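Here the protein sequences come in this chain order: W and X. Sequential numbering of the first sequence, starting at 1, is according to this note's numbering. Sequential numbering of the second sequence, starting at 1, is according to this note's numbering.
Incorrect hints may have been included.
Said to hold, decoys possible - Restricting the straight-line Cα-Cα distance to at most 30 Å, the calculated cross-link-like pairs of lysine-lysine (DSS-like) are:
| id | chain 1 | residue 1 | chain 2 | residue 2 |
| --- | --- | --- | --- | --- |
| 1 | X | Lys-181 | W | Lys-161 |
| 2 | X | Lys-183 | W | Lys-207 |
| 3 | W | Lys-41 | W | Lys-161 |
| 4 | X | Lys-207 | W | Lys-41 |
| 5 | X | Lys-41 | X | Lys-183 |
| 6 | X | Lys-207 | W | Lys-205 |
Think of the hints as simulated: they come from the structure by calculation, not from any bench. Given the structure is predicted, the values throughout are model-derived calculations rather than measurements.
2 protein chains.
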Amino acid sequence: MAIPQEIPETIIERLAVYQRYLTELVHEEIERISSIELAAKMGTTASQIRKDLNWFGSFGLQGYGYRVSELLYQLNQILGLKNETTMVLIGGGNLGHALMNYPGFQVRHFVIKAVFDNNPALIDRNMNGLIINSMSLLPAYLQENPTRIGIITPSMIEAQKVADLLVDGGIQGIWNFAPLKIKVPPHITVEYVHIIESLMILSYKCKSKTHQNRENGG
Amino acid sequence: MAIPQEIPETIIERLAVYQRYLTELVHEEIERISSIELAAKMGTTASQIRKDLNWFGSFGLQGYGYRVSELLYQLNQILGLKNETTMVLIGGGNLGHALMNYPGFQVRHFVIKAVFDNNPALIDRNMNGLIINSMSLLPAYLQENPTRIGIITPSMIEAQKVADLLVDGGIQGIWNFAPLKIKVPPHITVEYVHIIESLMILSYKCKSKTHQNRENGG
Numbered sequence: 001m002a003i004p005q006e007i008p009e010t011i012i013e014r015l016a017v018y019q020r021y022l023t024e025l026v027h028e029e030i031e032r033i034s035s036i037e038l039a040a041k042m043g044t045t046a047s048q049i050r051k052d053l054n055w056f057g058s059f060g061l062q063g064y065g066y067r068v069s070e071l072l073y074q075l076n077q078i079l080g081l082k083n084e085t086t087m088v089l090i091g092g093g094n095l096g097h098a099l100m101n102y103p104g105f106q107v108r109h110f111v112i113k114a115v116f117d118n119n120p121a122l123i124d125r126n127m128n129g130l131i132i133n134s135m136s137l138l139p140a141y142l143q144e145n146p147t148r149i150g151i152i153t154p155s156m157i158e159a160q161k162v163a164d165l166l167v168d169g170g171i172q173g174i175w176n177f178a179p180l181k182i183k184v185p186p187h188i189t190v191e192y193v194h195i196i197e198s199l200m201i202l203s204y205k206c207k208s209k210t211h212q213n214r215e216n217g218g
Numbered sequence: 001m002a003i004p005q006e007i008p009e010t011i012i013e014r015l016a017v018y019q020r021y022l023t024e025l026v027h028e029e030i031e032r033i034s035s036i037e038l039a040a041k042m043g044t045t046a047s048q049i050r051k052d053l054n055w056f057g058s059f060g061l062q063g064y065g066y067r068v069s070e071l072l073y074q075l076n077q078i079l080g081l082k083n084e085t086t087m088v089l090i091g092g093g094n095l096g097h098a099l100m101n102y103p104g105f106q107v108r109h110f111v112i113k114a115v116f117d118n119n120p121a122l123i124d125r126n127m128n129g130l131i132i133n134s135m136s137l138l139p140a141y142l143q144e145n146p147t148r149i150g151i152i153t154p155s156m157i158e159a160q161k162v163a164d165l166l167v168d169g170g171i172q173g174i175w176n177f178a179p180l181k182i183k184v185p186p187h188i189t190v191e192y193v194h195i196i197e198s199l200m201i202l203s204y205k206c207k208s209k210t211h212q213n214r215e216n217g218g
């Protein structure tokens, strides 16, 4: 499958959503799904899904819909989830532990290979089979073990310093949970996880629903 | 300030982003910012920001820009962050701990008031000053302590059962970290946190940048 070079980011975002849903469907042992059902499940339209997938070739059959496992296979190809993605985790605190146990990693071949922290109370502890290493060992580790993604957890207050070490170590992407912006060279990708935004949105919606119910005498 | 009833969801999402940035600016002691600077920081345009804010009234001055603390105050009003938002946390595992320590909650008046779990190994443990209660106590707690938001962590495999208890207990919104869809009545809002999507997007971008660099001989 030839993948075009410049896919708009919003399409990749939707493909990631499709991938997650299809993984759920496989888990539920659903073999086939119509494009309308699939769209309804994901809060979009059948035509949107078709347009998004058309960037990468032709999927599904008119009047038959999609074969779930086949479409998932293709999405995994597009998103590069068929090969192992190596990661290092920076921060052996609570969020780090939660990520180590995150149920969605394994099936997508995301693997945390090593953990580092600068908190002496955590160093040398065992964390799901990995020993938490001192941050001072990170550069040597990355030199010996080329790694694709570095995860920065919120406990790392010096996120920029950590990011610099990761970049110097040849990492390609940073998954940043620290609530701080970091600067990286243009060939490095940073993806921020700002969970606080989703909580603010939830809070607003609750308030506005309550308000509407009152207005409607409900 | 009169708030119109039907604000499109995408606008609320952007307001939450603005709120987060402005909180950072206040933290950095920046008092004033031009609309162009603000837009550049947030990867949007000055006209987009103006349009979004126009839903709620007139902010900023031509040629002067925005007063950071004033705009933040207004956003907090709109998003309902000036009053305390009460929450219960269901799941006293690692992610639960991480949320208890989340730096962005306090400043926005989000408060976790109680923690529940059904794992006997966790019940009665102290978690940042709160005792982890047995899930069996949740209905009585909610009856005595009206609570706005329930947080479901990924360790809760029976997310639907937990959601039912929360809904019966009069909760208004559910912040769901469990990778499972839950069904709720229409007056309840559910916000999902699917961190795996952001990791898939990061992974894809890394791959495609590497590919481009190779194509460019870089």
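So, going through the hints one by one against the coordinates:
1. Lys-181/X with Lys-161/W: Violated - the C-alpha atoms of Lys-161/W and Lys-181/X are around 38 Å apart, more than 30 Å.
2. Lys-183/X with Lys-207/W: Judged against 30 Å, a Cα distance of about 20 Å means the pair holds.
3. Lys-41/W with Lys-161/W: 42 Å, violated
4. Lys-207/X with Lys-41/W: Roughly 29 Å separates the two Cα atoms, so the pair holds.
5. Lys-41/X with Lys-183/X: 38 Å, violated
6. Lys-207/X with Lys-205/W: Since the Cα atoms of Lys-207/X and Lys-205/W sit roughly 37 Å apart, the hinted pair is violated (cutoff 30 Å).
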